[in-house]
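> Modelling step: build the complete structure from the supplied sequences, incorporating the hints.
So you can see what is in the structure, the chains are spelled out below.
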Amino acid sequence: MVYLPMPEASEAEIMDHRHQATTTSRELPMARSMCWHCQSEVTGEYLCGQCVKVQPLSKDLDYFACFQLPRLLNIDEQELEKTFYELSRTFHPDFYSTKDESEKAISLGNSAFLNAAYRTLQDPIQRAEYLIRLEAGAVKDIRSNPPADLFEEVLDLQENLETFRQLAPNGASSDLEALREKLQDKRERLEKRQAKMEESLQSKFKEWDQLQERTLLPGEAREEKNTVLRGMQEILSNRTYVRNMVNDLLETTG
Amino acid sequence: MSRIVGIDLGTTNSLVAFMDQEGPHVIPGPDGQTTVPSIVGLTDNGLIVGDPAKAHLMRDPSRTIYSVKRFMGKGLDDVKDELKYFPYHLHEKNGVIRIEVGGKTYSPPQVSAMILKELKRRAEEYLKEDVSKAVITVPAYFNDSQRQATKDAGMIAGLEVLRIINEPTAASLAYGLQKKTQGLIAIYDLGGGTFDLSILKLKDGIFEVLSTNGDSHLGGDDFDQRLVDVMVDDILQTQGVKVGGDPELMQALRLEAEQVKVRLSDETQTKAEIEIPNGTYEKVWTRESMETLVMDLVERTLAPCRHALKDAGLTVSQIDEVVLVGGSTRMPLVWRKVEELFGKKPHSELNPDEVVALGAAVQADILGGHTKDLLLLDVTPLSLGIETMGGVMSALIRRNTTIPTSAKEMFTTYVDGQTSVDIHILQGERELVKDNRSLARFQLKLPPLPAGVPRVEVNFLIDANGILHVTARDIRTGDAQSVQVKPSHGLTDDEVEGMIRDSFQFAAEDIKARQIIEARNEANAIIVATEKALVRATNLINDKEIEGIRRILQQLSEVNEGDDHRVIRTKIAEVEKVTHHLAEVLMDATLKEALESKKLSDVIK
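Quick note, the sequences are listed as chains A and B, same order.
If you read the first sequence in our numbering, its first letter stands for residue 38, the second for the next number, and so on.
If you read the second sequence in our numbering, its first letter stands for residue 310, the second for the next number, and so on.
Just to be clear, a hint being listed does not mean it is correct.
DSBU-like, lysine-lysine: derived pairs with alpha carbons at most 30 Å apart [claimed, not checked]:
{"no.": "1", "chain 1": "A", "residue 1": "Lys141", "chain 2": "B", "residue 2": "Lys402"}
{"no.": "2", "chain 1": "B", "residue 1": "Lys437", "chain 2": "A", "residue 2": "Lys136"}
{"no.": "3", "chain 1": "A", "residue 1": "Lys119", "chain 2": "B", "residue 2": "Lys681"}
{"no.": "4", "chain 1": "B", "residue 1": "Lys717", "chain 2": "A", "residue 2": "Lys119"}
{"no.": "5", "chain 1": "B", "residue 1": "Lys442", "chain 2": "A", "residue 2": "Lys90"}
{"no.": "6", "chain 1": "A", "residue 1": "Lys223", "chain 2": "B", "residue 2": "Lys619"}
{"no.": "7", "chain 1": "B", "residue 1": "Lys393", "chain 2": "A", "residue 2": "Lys141"}
{"no.": "8", "chain 1": "B", "residue 1": "Lys402", "chain 2": "A", "residue 2": "Lys229"}
{"no.": "9", "chain 1": "B", "residue 1": "Lys512", "chain 2": "A", "residue 2": "Lys90"}
{"no.": "10", "chain 1": "B", "residue 1": "Lys619", "chain 2": "A", "residue 2": "Lys141"}
{"no.": "11", "chain 1": "B", "residue 1": "Lys795", "chain 2": "A", "residue 2": "Lys141"}
{"no.": "12", "chain 1": "B", "residue 1": "Lys363", "chain 2": "B", "residue 2": "Lys402"}
{"no.": "13", "chain 1": "B", "residue 1": "Lys619", "chain 2": "A", "residue 2": "Lys243"}
{"no.": "14", "chain 1": "B", "residue 1": "Lys512", "chain 2": "A", "residue 2": "Lys119"}
{"no.": "15", "chain 1": "A", "residue 1": "Lys90", "chain 2": "B", "residue 2": "Lys717"}
{"no.": "16", "chain 1": "A", "residue 1": "Lys90", "chain 2": "A", "residue 2": "Lys119"}
{"no.": "17", "chain 1": "A", "residue 1": "Lys136", "chain 2": "B", "residue 2": "Lys681"}
{"no.": "18", "chain 1": "A", "residue 1": "Lys219", "chain 2": "B", "residue 2": "Lys717"}
{"no.": "19", "chain 1": "B", "residue 1": "Lys795", "chain 2": "B", "residue 2": "Lys442"}
{"no.": "20", "chain 1": "A", "residue 1": "Lys136", "chain 2": "B", "residue 2": "Lys442"}
{"no.": "21", "chain 1": "B", "residue 1": "Lys619", "chain 2": "A", "residue 2": "Lys233"}
{"no.": "22", "chain 1": "B", "residue 1": "Lys681", "chain 2": "A", "residue 2": "Lys90"}
{"no.": "23", "chain 1": "A", "residue 1": "Lys119", "chain 2": "B", "residue 2": "Lys488"}
Quick caveat, the hints were computed from the structure, so don't treat them as lab data.
Pasting the structure below:
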């Protein structure tokens with residue numbers, strides 16, 4: 038059976054259906070400006086200033102805003118962890134075990150969102166994929182098929198792997214060993230290619246961050262930004278193909 | 310608020326612990342023992358649990374249930390390979406294993422509930438207050454059905470289970486609290502029936518689980534079984550006795566194998582001795598011979614260790630400390646293998662049998678709002694997904710995702726007027742549906758509209774217990790939809806309710822069984838004490854009196870074999886009456902001795 042490895046849907050995509058999130062505020066926006074419990078005004082805090090009840094996170098909140106981070110791709114991971122731990126201490130259900138059902142439910146929802154946000158932002162690749170989707174409006178026209186050269190390589194590799202799988206159960210043979218060597222060699226080349234892609238991704242990240250830092254308004258330098266995002270998206274999807282091939286090779290030939 | 314206890318509900322032993330200002334403590338029984346064997350015996354007078362049931366195991370194996378944890382959340386198919394090892398009969402109803410003993414049928418959560426009740430009672434006696442809330446530990450690698458079954462067991466036992474917590478994580482809490490450890494630690498937890506490996510980052514009071522892996526069907530029980538298999542063959546070869554047809558002998562052999570294994574942790578050689586129909590069977594075991602026999606089982610634990618490291622994105626050299634948990638880690642072979650893999654000496658400063666219960670007590674204290682500086686961030690051990698076209702599982706939540714966590718999926722229709730979609734929830738890491746664990750099924754109701762128009766969003770939420778909750782919402786109308794999830798291997802709510810009712814009925818039987826055990830223990834203590842006194846008093850009372858006392862003691866021994874605690878109590882009272890004079894004489898003698906050997910002021914003081 039020949040199959041094509043498809044790019045995996047990232048977890049962020051599954052987790053987040055709020056593609057039109059627009060917030061850029063450094064303040065943490067909450068679902069309501071009024072406390073759900075005592076109706077007093079709540080201003081960008083997790084807990085009501087009057088009755089100290091936990092407040093549900095806003096439906097419009099994106100992962101960057103949740104961590105009070107600007108939409109940059111190089112982030113201080115130590116800081117990220119620190120904020121994650123602080124927010125966990127605020128939201129985790131363990132601290133609401135003795136509270137009423139409404140507070141328990143809010144704590145559960147907030148925690149689940151926080152955990153998804155941390156998982157996504159923690160990983161540079163998922164972080165970039167998430168950012169692209171947040172800024173999605175402009176980058177819809179991105180091709181999702183691999184370029185011709187990669188496509189051929191995928192097909193060729195699948196054939197070789199299939200032969201290997203057929204030979205392997207018959208025990209060691211010179212044919213099998215020759216094929217194993219060939220595949221291992223192939224894997225090394227693919228791994229180098231993946232590393233290169235990650236290097237160029239890194240430079241795209243820098244480009245993006247510089248653009249973000251010198252513009253103040255979301256609409257500013259839109260075209261330039263979209264170009265960077267498209268470039269990033271292309272490398273990301275090609276990288277997924279390469280990585281899937283590497284994983285297939287590792288699994289089959291060891 | 311009433312106190313919350315921490316419970317380690319183990320395959321072979323269970324414990325209950327609580328926390329006060331000084332820290333967590335395991336609650337001992339009246340005999341000072343902290344562990345309660347996870348064994349339930351059905352006697353003619355009701356249920357017995359723990360040590361008395363262990364004794365019952367040899368007398369009446371077909372009515373004694375052990376290692377029930379292996380059946381929690383399981384169907385018959387899951388355990389068919391090991392059925393031959395269990396002396397009781399199992400069958401399946403609604404996807405749940407049922408255990409048949411003494412003409413009655415119990416589900417695994419019901420049996421676990423009997424153990425939990427014993428622990429509850431032990432805690433109530435010790436703390437002198439009602440105990441109705443608990444944190445219960447489960448192996449980290451337990452799936453949703455197994456966790457749910459554990460929660461059901463708590464409910465049946467009359468406990469509100471505030472949290473299901475993973476055993477290695479619980480151990481890390483106790484360990485981290487005691488040792489003030491920081492950094493990356495690996496917890497290697499090999500218990501009676503399960504193996505877990507968890508990797509955690511400990512930093513400023515946060516216990517963050519990075520990854521977990523394991524085998525929910527590998528533990529000390531399997532080691533014992535290897536020894537048993539060898540001895541069963543040996544007995545047939547050398548003595549011509551078939552152990553297989555003799556459940557009592559099989560259980561005796563199993564308990565002896567366990568003892569041999571335990572002794573070989575301290576000694577390099579030991580002898581197994583067992584009474585068989587035509588004499589005594591003896592076999593010398595060396596540590597080496599046992600290690601050869603179980604080597605592959607210990608090596609089976611290494612692959613999960615490597616997987617967990619890989620998932621955490623770590624190499625062995627980055628791990629700061631390795632901690633051993635669970636009774637089976639007392640084996641020197643386990644030590645060696647763990648040290649070989651991680652390249653560092655493992656720690657086991659805290660009692661490996663107690664550390665999980667202690668950690669559960671710490672978590673209970675956190676939930677009670679007393680401990681505020683510690684927080685556990687755990688993960689889900691297995692990927693959660695749904696069945697898609699072609700029998701393939703599509704993952705919605707990946708393994709090692711920090712919990713609580715949720716995933717949303719949109720569903721629509723393929724044909725006009727279609728009013729429902731069947732959804733099959735799975736857990737596991739394999740590609741195909743059939744290779745993964747079926748958790749539950751439900752039918753999603755859709756409005757009768759043209760194909761593709763209905764949009765129903767289903768939210769899969771894994772809570773902090775690692776248990777799944779499913780909710781659905783019609784995107785077009787914004788209405789919430791009720792979802793009736795039918796577990797593949799779990800009890801329905803109605804069944805659990807029925808079992809809670811039954812448990813009240815069992816309670817009456819339990820009291821009867823307990824009264825007999827208590828009366829017997831008291832009678833035995835009195836017999837021993839009186840015999841001692843008779844020896845001391847040989848020259849102080851006359852022969853006729855001695856003879857009278859001996860006669861009544863003999864009568865007490867006889868009624869003590871019976872099943873009526875009232876008869877035993879009556880006889881105990883008689884013995885007390887007959888020995889009244891003896892006691893007085895001895896008291897006088899003691900006083901006299903004291904006066905002779907000490908100054909008056911010392912005696913009066």
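> Would you mind marking each hint as holding or not holding in the structure?
Hint check:
Proximity of Lys141(A) to Lys402(B) is assessed by CA-CA distance (about 35 Å); at most 30 Å being required, the pair is judged violated. In summary, the hint linking Lys437(B) to Lys136(A) is supported, as the alpha carbons are separated by about 26 Å, within the 30 Å threshold. Among the hinted pairs, Lys119(A) with Lys681(B) is consistent with the structure: their alpha-carbon atoms are about 17 Å apart, no more than 30 Å. As the CA atoms of Lys717(B) and Lys119(A) are separated by approximately 28 Å, the hinted pair is consistent with the 30 Å bound.
Of the supplied pair hints, the one linking Lys442(B) and Lys90(A) holds, its CA atoms being roughly 24 Å apart against a limit of 30 Å. As the CA atoms of Lys223(A) and Lys619(B) are separated by approximately 23 Å, the hinted pair is consistent with the 30 Å bound. Proposed proximity of Lys393(B) and Lys141(A) is contradicted: the alpha carbons are some 46 Å apart, above 30 Å. For the given pair, Lys402(B) sits about 55 Å from Lys229(A) by alpha-carbon distance, which is inconsistent with the 30 Å threshold.
Of the pairs offered as hints, the one joining Lys512(B) and Lys90(A) holds, with about 27 Å between alpha carbons and a cut-off of 30 Å not exceeded. Using a Cα cut-off of 30 Å, the hinted pair Lys619(B) and Lys141(A) is violated, with the two alpha carbons roughly 34 Å apart. Only pairs whose Cα atoms come within 30 Å are accepted, and Lys795(B) paired with Lys141(A) is accepted, the gap being roughly 25 Å. Simply put, Lys363(B) and Lys402(B) have alpha-carbon atoms about 28 Å apart, close enough for the 30 Å limit, and the pair holds.
This hinted pair checks out: Lys619(B) and Lys243(A) have alpha carbons roughly 29 Å apart, not beyond 30 Å. For the suggested pair Lys512(B) and Lys119(A), the alpha carbons sit about 10 Å apart, so the restraint of at most 30 Å is met. Of the pairs offered as hints, the one joining Lys90(A) and Lys717(B) holds, with about 27 Å between alpha carbons and a cut-off of 30 Å not exceeded. As the CA atoms of Lys90(A) and Lys119(A) are separated by approximately 23 Å, the hinted pair is consistent with the 30 Å bound.
A distance of roughly 15 Å separates the Cα atoms of Lys136(A) and Lys681(B); the hinted pair therefore holds under the 30 Å criterion. About 43 Å separates the Cα atoms of Lys219(A) and Lys717(B), which puts this hinted pair outside 30 Å; it is violated. At roughly 27 Å between alpha-carbon atoms, Lys795(B) and Lys442(B) fall within 30 Å of each other, so this suggested pair holds. For the given pair, Lys136(A) sits about 15 Å from Lys442(B) by alpha-carbon distance, which is consistent with the 30 Å threshold.
Straight-line distance between C-alpha atoms of Lys619(B) and Lys233(A) comes to about 23 Å, which keeps the hinted pair within the 30 Å bound. Simply put, Lys681(B) and Lys90(A) have alpha-carbon atoms about 17 Å apart, close enough for the 30 Å limit, and the pair holds. The suggested pairing of Lys119(A) with Lys488(B) holds, with an alpha-carbon distance near 23 Å, which does not exceed 30 Å.
Checked against the numbered hints above, the structure breaks hints 1, 7, 8, 10 and 18 and satisfies the rest.
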